Amino acid sequence: MRKLLLCLAAASLAAWVVTGKERRSEAERQQEKIRELRKKLARRTGLAKAGEEQKFLHARAAALLDRLKPSAQDRYVFDRISRAAGDLLEASEEIAESREPEDRREPGDREQASRDLQRYYFRVQQAEYFAGLSGESDAAEYVKHSRALYQQGRSAYDAGQYRRARKLGEAAGLVVSALERLAQARFSAPEPPRLK
Amino acid sequence: MPRWPVPQGLRSQIAIISLAALAVIALAALLIRDVIGQTESRLLAEARRQCEAACRELVRQHQERTAWGGDALENLPVEAQDLSLRGLTATVLRSYEGLEGGFYRPAGARVFGQAGSSGLVRALSPAELNLVGAAVARAGADPGTAIAAWDRDLVVAAAARLKSGEGAAFALKRLSGARDPVGRRRRWLYGALALTAMLGIGAVVSLWFALRAGVAQISAGLRFMERDFTYRLPAIGGEFGRISRAINQMADRRMALEAGVRRQDRLAALGKVVAGVAHEIRNPLNSMRLTLELLDRRLKRGAASREEVRAAIQEIDRLDRILARLLAFGRPAPAERRPQDLRPLLEEAAQMVQEQARTKGLEVVIQTGQERLVADVDGPQIVQVLVNLLLNAIEASPPAGRIEVAAVAADGRIEVRVSDHGPGVPEHLRPHIFEAFFTTRPEGAGLGLSVSREIVAGHGGELEYEPSGVGATFRISLPAGGSAV
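Which chain is which? The protein sequence lines are V and H, in order.
Here the working numbering runs 2 ahead of the position in the first sequence, where the first position is 1.
Here the working numbering runs 33 ahead of the position in the second sequence, where the first position is 1.
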């Protein structure tokens, strides 16, 4: 009986040590992720000529990064919020790239832009639905900016700036993706079963 | 141009109208049923078209979502997958009113991303889940559909397989009350039609009875009027009332006209009688005057004889006979009728004129069969009639001729024909031969045939002149009846 108790205590200690290591490594990974995103944010905010949409995206990305608390949060929730912040920064990057000079030699540009814009249009249509589930206080701003970005992309398409149109449409889609991830973050992932 | 046979009878026409009305009502019922059926079919077809289109769009958007470079859906927790797909479904179904849809995984028959166009989503019932499963099973290259009916509700489900091959997109439309979309109104319409039919039939039957009663009332009244022309149709309402009033007015006018005609006839007859009487009496009176003047002259000479007195007496007797005939014509003696065989009467009459016939060399032949010739008659009066006819026949016949008296019984009547072989009655005189004081003989009184006709009419019979090829024939028709005593 005593041997059995000793074995159990030893097994528990070993498990604590192992999981503690895993927790530490996960926390480190999350810290790394936060650092990476903050660097990206700093790069984006450091650039001049940030438009209204970009300022909003940077502010929301910063707020989301502030909400990230390594090891204190569910891994799934951390993943959703960090990815949402990443989407916003990526959207900002797409906007910035949309301002670069148009390369008109790219083949099939118009058809591709048309197909992509159709897909982004559908994503923008989903914005309101995800905004309602995201629980964000300024969800309506997300919707507004995603629509504004799509509209700019549509105008660029009309102007024959197909690359710019695709970039702005992509940015609009990324804003909606951020909303979708934030909505997903509200649902806690089920805990994996423990061995008994 | 051919003429269609048109039924003249009121009954046939009413029956045709009734049948036509019933046919119209039956056609209306069929039309309502057809419209309802078409409405249901159209609703189903439209729902099916919407569901299939929504399925195709869901599949396309799912494919786009899968191809998008973001998170792979399958790597997400179930709840997150459900949320993302709900967003996709809700966006697609925004363009399809009244539809619900989502994604179906055959493994475990689970539904993901269910959303509705209205935003409100009701979890699928087990029956609806089975319906979606049936649609998925039928889905191939094109969407499969399944339709179910529960009570008055119809549910249409369509499903299209996802390109990834794992599961299918589905769309579902609940058509509440679509199975009988105008059920309550239809019942009202059928009820109204049935009521209309009953009212129509009732109206036709009522019309039929009213017409029949009206026609029967007027017919009965007209029959009464035939017997009693002073009778008038009773006052009734409606159209028949107008008809009966018109008939009564016509009868009043006719009575007034007939009264006037009768008065004129009486006056004319009276004038004839007076003329006839004056003529008949004047001759004997003239004769008597001449006889008496002759007697007066002879008495003055003292050479009077009894011959003149006898001649005067004969003229007075003649006057008496004329007056007796006039009295018989004006007030015929009351008949004393009894059922009796007519054969003895025929023989008696023939016997009475035998002397006059023999004088002229004529033969009176009586022809009767074996049948009964019994009639309810006054014997002496009938003998008088026969004697009158035989005397006329003897008068008209050429010498050494033959006079036939034939009697037969037929159709409840006994007919006696007295025929001669004389010249017959000229056609222009025939309408007048039965008038009183009409005669073609200078010495005739012109009362024989008119008195005879009165006597026969008093027996309920008829006396008529029958034109024939040779000579003249008078026909006496009497009702047969009774037993000879």
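Simulated from the structure, these hints should not be mistaken for laboratory data.
These figures come from a predicted structure and were not determined experimentally.
Ideal Cβ positions, reconstructed from N, Cα and C, are used throughout, including at glycine.
Be aware that one or more of the hints could be misleading.
[Unchecked claim] So the derived label-pair ranges between C-beta atoms look like this:
hint, chain 1, residue 1, chain 2, residue 2, range
1, H, S209, V, R188, 44 to 54 Å
2, V, D68, H, R185, 32 to 42 Å
3, V, R77, H, P159, 29 to 39 Å
[What the hints assert, rightly or not] Below, a list of computed lysine to any residue pairs in the SDA-like style, where the Cα atoms sit at most 20 Å apart:
hint, chain 1, residue 1, chain 2, residue 2
4, V, K57, V, E102
5, V, K57, V, A44
6, H, K196, V, G48
7, H, K196, V, R121
8, H, K393, H, A357
Which numbered hints are broken by the structure, listed smallest first? 1, 2, 6 and 8
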